[in-house]
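S.K.: Below are the chains, spelled out letter by letter.
There are 2 protein chains.
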Amino acid sequence: MEKLKHHIFVCGSARLVGENKGFCLQKDAVDIVLNFNEEIQDRDLDGEVMVTSTGCMGICSKGPIVVVYPEQTWYGKVTPDDVEEIVDALEEEEKVERLII
Amino acid sequence: MEKLKHHIFVCGSARLVGENKGFCLQKDAVDIVLNFNEEIQDRDLDGEVMVTSTGCMGICSKGPIVVVYPEQTWYGKVTPDDVEEIVDALEEEEKVERLII
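Chains as they are written, first to last, in numbering that gives the first Met the number 0: chain A, 0 to 100; chain B, 0 to 100.
Pairs count within a copy or across copies, as identical chains cannot be separated in the list.
As a list, the in silico DSS-like pairs of lysine-lysine whose alpha-carbon atoms are at most 30 Å apart:
id, residue 1, residue 2
1, Lys4, Lys76
2, Lys76, Lys2
3, Lys4, Lys61
4, Lys76, Lys94
5, Lys94, Lys2
6, Lys4, Lys94
7, Lys61, Lys94
8, Lys61, Lys76
Please keep in mind that the hints were generated in silico from the structure rather than gathered at the bench. On a predicted model such as this, the values are computed, not experimentally measured, just so you know.
Based on the provided sequences and hints, a complete structural model is requested.
M.R.: Written as structure tokens, this is what we have:
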């Protein structure tokens with residue numbers, strides 16, 4: 000595999016038993032993923048930046064959770080409106096300090 | 000958040016619309032996650048190593064997929080029996096070369 004520059008994981012609260020439920024999902028996880036994909040396409044970041052939804056990360060009280068690797072930046076209480084700012088920060092090799100948990 | 004030493008993502012083929020289906024799930028993704036959790040507990044790696052299931056990573060032909068961050072090691076065609084060897088390698092700061100994609 001070509002190495003990604005950034006891999007964004009968005010908690011979608013999926014359970015392995017086949018249900019999607021839980022705090023992050025209620026709180027716009029689907030829109031967060033869609034917005035990341037839109038930003039990645041608009042900025043031609045395909046192949047450099049990938050977004051993947053995840054199962055529950057276990058810190059629901061701070062959800063919706065977004066983790067960016069390899070830098071391991073943990074963001075909490077993310078909204079779909081925060082996505083553009085997060086991608087701006089990625090492109091500048093910076094972080095959105097107000098969302099860090 | 001305390002930084003994890005390793006974060007293991009296992010493709011569980013979850014779709015954000017609330018279904019779990021697809022190649023990785025058919026191919027033992029659930030057992031792979033359970034085995035990782037068992038190894039993490041047996042070796043007292045809680046807080047250092049975390050395992051999270053993910054939605055489809057889009058490379059189903061090489062599934063089941065496991066990605067380990069921050070080193071971004073992509074493993075393919077992983078079986079539940081490979082988990083112990085992957086965790087051995089993590090503890091030794093090495094990789095399981097035969098599974099790398």
